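Protein chains: 2
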Amino acid sequence: MIQGSTGLVAILGTPIAQVQSPANFNRWFQAQGLDLAMLPVDLRADALPGFIASLRGWNNLRGCVITVPYKQAVVPLLDELSTRARLLRSVNVIRRESDGRLIGDNVDGEGFIKAAAAHGFEASGKHALVLGAGGAGAAIAYSLAEAGIATLDLADPTPGRAEALATTLQTAFPALVIRDQVAALGGYDLLVNASPIGMGEAAETPLPPAQLAELSPHAHVADVVTKPAHTPLLALAQARGCSVQAGPEMSLAQMPALGFFMGVMPESL
Amino acid sequence: MIQGSTGLVAILGTPIAQVQSPANFNRWFQAQGLDLAMLPVDLRADALPGFIASLRGWNNLRGCVITVPYKQAVVPLLDELSTRARLLRSVNVIRRESDGRLIGDNVDGEGFIKAAAAHGFEASGKHALVLGAGGAGAAIAYSLAEAGIATLDLADPTPGRAEALATTLQTAFPALVIRDQVAALGGYDLLVNASPIGMGEAAETPLPPAQLAELSPHAHVADVVTKPAHTPLLALAQARGCSVQAGPEMSLAQMPALGFFMGVMPESL
Chain L
847 MIQGSTGLVA ILGTPIAQVQ SPANFNRWFQ AQGLDLAMLP VDLRADALPG FIASLRGWNN
907 LRGCVITVPY KQAVVPLLDE LSTRARLLRS VNVIRRESDG RLIGDNVDGE GFIKAAAAHG
967 FEASGKHALV LGAGGAGAAI AYSLAEAGIA TLDLADPTPG RAEALATTLQ TAFPALVIRD
1027 QVAALGGYDL LVNASPIGMG EAAETPLPPA QLAELSPHAH VADVVTKPAH TPLLALAQAR
1087 GCSVQAGPEM SLAQMPALGF FMGVMPESL
Chain R
847 MIQGSTGLVA ILGTPIAQVQ SPANFNRWFQ AQGLDLAMLP VDLRADALPG FIASLRGWNN
907 LRGCVITVPY KQAVVPLLDE LSTRARLLRS VNVIRRESDG RLIGDNVDGE GFIKAAAAHG
967 FEASGKHALV LGAGGAGAAI AYSLAEAGIA TLDLADPTPG RAEALATTLQ TAFPALVIRD
1027 QVAALGGYDL LVNASPIGMG EAAETPLPPA QLAELSPHAH VADVVTKPAH TPLLALAQAR
1087 GCSVQAGPEM SLAQMPALGF FMGVMPESL
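Taken in sequence, the protein lines are chains L and R. For the first sequence, the numbering used here begins at 847 and goes up steadily by one. For the second sequence, the numbering used here begins at 847 and goes up steadily by one.
FYI, nobody ran anything at the bench for these hints, they're computed from the structure. Here the structure is a predicted model, which means the values were calculated and not measured. It cannot be assumed that every hint is accurate.
[Claimed, not checked] Quick partial rundown of chain R residues pointing at chain L, CB under 8 Å, derived from the structure:
| hint | residue |
| --- | --- |
| 1 | Ile848 |
| 2 | Ala863 |
| 3 | Gln866 |
| 4 | Met884 |
| 5 | Pro886 |
| 6 | Val887 |
| 7 | Leu889 |
| 8 | Phe897 |
| 9 | Gln1027 |
| 10 | Ala1029 |
| 11 | Ser1062 |
| 12 | His1076 |
| 13 | Pro1078 |
Just so you know, even glycine gets a beta-carbon here, dropped at the ideal spot from N, CA and C.
Bound conformation, chain L alone (with noise of 0.2 Å):
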């Protein structure tokens, strides 16, 4: 329970009820005896920069995950990024350094990949989709690049957005193939959703039901989203015979790098 000496970490974004990572850091702080919390902050985007900003007198607070609309907002704001980070330029998770410095980071890719090896898929020398190319998605795809993915197309309703990021990954892995397009879908050994489509109620899919049909039995397919966990695009690559893996899964998964970087939890977690 929070008291007054309590060190916090904070999880930003909007909406903010639908995520796990409080729970999940809290469950664990408590487990450990910790006198930490993670509070969550529903805020709106006219007061980003004013709280953002803040942070840096916020004595007891130790940093702050980025969430949906503010990953790429929080970038100019911060004083110092990691490398991934500013090619990214897309920001997942602060830490708040003693002297209220602000340092950026993007764990997300790492949380990615390390979910989708506990279902056995390893990205060396495999071809993915990556849907949606906003913060989780440009994380995701630099991840699969490092990790040595042999061939990476992208889409994005939002014109020039995937191209953008293609031509950023191309610069930093010149041995890939990267595309801003969807092939036929069962050539892909991986699809992955990072954009916000199929969350909440509305039960949508980020490509037509038709055309998710083409998807090989034999793909990995992953969703960003995580309420509900198992959305409309995973329920129809399950019926298809796809290893499926839902959004909560990669939380779960970043949670330690996340936590390690805020300097909240031991980097062997």
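Guided by the hints, dock chain R onto chain L, whose structure is given.
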């Protein structure tokens, strides 16, 4: 335990580790089965305007208790003030309306009167000395005046501070005898330390021990310092045979008023 859907209230000050409110509020929220939590915010002074401004956009924050040293500093940062908060130029609680507007009040005095009543002290017709004319001192003095104290003496080491408070209170309570002085201690029915003197390890008293030895054994002696709860002042007063009231009693007694103002506790608690 805090999860994504948890509604928040904060307590803001520096230092903050010593405050009892988070433990008290969180124990109550938990006992009631409410999805609410109070978090401690230890903030540097330069971050105050940005932090308060960002509360307007913090959708899952219901309100914020304000403690030392920010009770005066937040006043110009809010959208609306209660009559007493405006008069005292001191705020100890903020409610965030659903549209983001920030309303300030001061219930410090209510808590003090309630805690004193639990010791059998009734202000009507009595003679009181309040040491410290900052946020807590002003609120206590205001509530004593409202409760019908006969004479009210004020003292503060900052030049002009006690005098300014006396002038303000005299306007609101024209019939009351208010003086910027410390008279012979034997004449007081109530002595209140509303200064930080006595906090921590220094073991200081707000008046010299020799002077405190003049206290009437029938006097009620109260301290606003919460850590240690049993201050050197209270130890001396208790040795004189006085009834004594510790800082945590005042905090605890005002808890329902704070919670009600922020909309997280019923009025009748």
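So, going through the hints one by one against the coordinates:
1. Ile848: Since chain L brings a Cβ to about 5 Å from Ile848/R, closer than 8 Å, the hint holds.
2. Ala863: Status holds, d = 4 Å.
3. Gln866: This interface hint holds because 7 Å falls under the 8 Å limit.
4. Met884: holds (7 Å)
5. Pro886: holds (5 Å)
6. Val887: holds (6 Å)
7. Leu889: holds (5 Å)
8. Phe897: holds (4 Å)
9. Gln1027: Hint violated; Gln1027/R Cβ to chain L Cβ min 36 Å, cut 8 Å.
10. Ala1029: For Ala1029/R, the interface hint is violated, since the closest Cβ of chain L sits about 37 Å away, which is over 8 Å.
11. Ser1062: violated (35 Å)
12. His1076: For His1076/R, the interface hint is violated, since the closest Cβ of chain L sits about 18 Å away, which is over 8 Å.
13. Pro1078: violated (22 Å)
When each numbered hint is compared with the structure, violations occur for hints 9, 10, 11, 12 and 13.
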